[in-house]
Amino acid sequence: MKKILVLMSLAFLVLTHCGKKSTLLGVIDNKEIDTENFKTIVDEEFGLDASKIEENRLSTLFRQYYTALAFSKEGDATGVFEKPDIKEKIEKTTQDVLKRNLTYIWREKEVDGLLELTDKDMELYKNRRKVSHILIRSGGEGDKSLEKVAQVQAEIKSGAKFSELAKKYSDDPGSKEKGGDLGWIDHTTAFVPQFKQAALSAKVGEVTAPVQTQYGYHLILVEEEKEFSPDELKEDKELVEKLKRDKASQVIPGLIAKLREKYKDKIHYYPERIKDVKKYAKEDLFRVDGADSLQIGEVAKQMGDKLKQYQDNIKELDQPIERMIEQSLVYLESMEKGYDKDPKTQKRVAFSLVLFKKNLFEQTVKEDYEKKAMAEITEESLKEYYEKNKARFAKGLPNFLKKDEFQKQFLNKISNKADLAFLTSQYELDEKSQIFKMKKVEEADRDKIWSILEKTGYKQLSPFSEMKEIMQRDLLRQKIKDFDANLNASLLSKYGIVIKG
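Anchor point for the sequence shown: position 500 equals 500 in our numbering, and the numbering is continuous, going up by one each time.
Hints are computed from structural coordinates only; laboratory data are not their basis.
One should not assume that every hint holds.
[Unchecked claim] Restricting the straight-line Cα-Cα distance to at most 25 Å, the calculated cross-link-like pairs of lysine-lysine (DSS-like) are: (1) K372 / K347; (2) K479 / K494; (3) K99 / K258; (4) K92 / K144; (5) K73 / K372; (6) K120 / K161; (7) K262 / K196; (8) K120 / K234; (9) K266 / K372; (10) K130 / K120; (11) K73 / K244; (12) K130 / K262; (13) K87 / K73; (14) K130 / K178; (15) K148 / K120; (16) K371 / K89; (17) K344 / K388; (18) K109 / K247; (19) K89 / K468; (20) K282 / K258; (21) K52 / K262; (22) K494 / K468; (23) K242 / K120; (24) K99 / K120; (25) K258 / K52; (26) K176 / K130; (27) K39 / K178; (28) K203 / K130; (29) K347 / K266; (30) K247 / K262; (31) K301 / K89.
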């Protein structure tokens, strides 16, 4: 299920778009699809925003979606999805996917319009400084960090380039390879106070004295200071996203409060029931009429060992349950406003269901195939596999010997086809037991302690009867691997899908 959720969430990642030359992704129904074509499909057919998906993610999304589409079509064509248990899973997942997507749609329609940034929002960020640093970590036995700082300072005075010294000496993995570059900062940047104060007060073009923080000693260079216009700041996508997140955190609680008031008669929460799981196992911990509910028994099962912690302090339940209640309220509001019928919502749900159906179909046919494959693994096929893979089932005989005459004697007996099991019982010595067989001051000669496996290549074959279970697993694993590969290739071909790369 985790894999399914990861696939479903891929398209909703909020990522920065990086323009690149369009590349061919594949062929669908005899039509070539490149990255530019696919962006249009993502926007118009999936109901997503291609501008928020990184270019290199597009090829992954293309492969995952169209592979899933072939499986989904086959499931429909073969009637697999009409089986009662499968149909029930699809209906439940459809509802779950709808609820999740309505959260996105609600935010887009109710929240995003309130997040427009004004010049006043940008005012705090207009004075910014471009900063680099060299970090020398301190602490530990025999700390020589100050000596290293002095060495770097001396090289700076002699004219060495700060960025090159950062690459050579800095202990900050995040900026080291960038020549110590930390980008543009302002008084809102989340740096430790000592560092931020020094960076904002230093003279442009000069390297500060060592600034000590919990990370070590910093040599800071302010390369440039600039006053940015609001329009320039709006080009900084990272800053814009941060400001919108900050604004959303102020706006959303007010909207949720209004929903709580509107739907207060539909909200039911009984935290005290968690103290008696046996009595209330089939009762609700919370319920929002027309939306979600959660039974005590289900909660107890999910909590496992942490149940006692919540029983002792039921207030700890409030935060996670309140979040679930809020999601239910958003669902109720979205349904009331008809957002479930919005074309974008329906496209997103259909997109997610294709990904889910692929995994469902694959799981179903694989379970059926495993039963068939196990029946095909006969005694004869196991014996054939055993004969062809004797090396896999051979146990080495690690016989450690200390004297040359023992080596010769052992090899002579091996050459005369003596009983290996008997010989190992007579001669086998592991390295630890050897210590107790040696005289008090006798030193082990590593050249004379050797394994008969290394010298002769002799091994003892494990009995067929002992290896049957392992061989069955081997053969079944290989059959399933071949089945997966063949199924994938055949379905892509059947439905006219070619995936490049």
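**Report entry** Violated hints, by number in ascending order, as checked against the structure
**Finding:** 1, 4, 6, 7, 9, 11, 12, 15, 17, 19, 20, 21, 22, 24, 25, 27, 29
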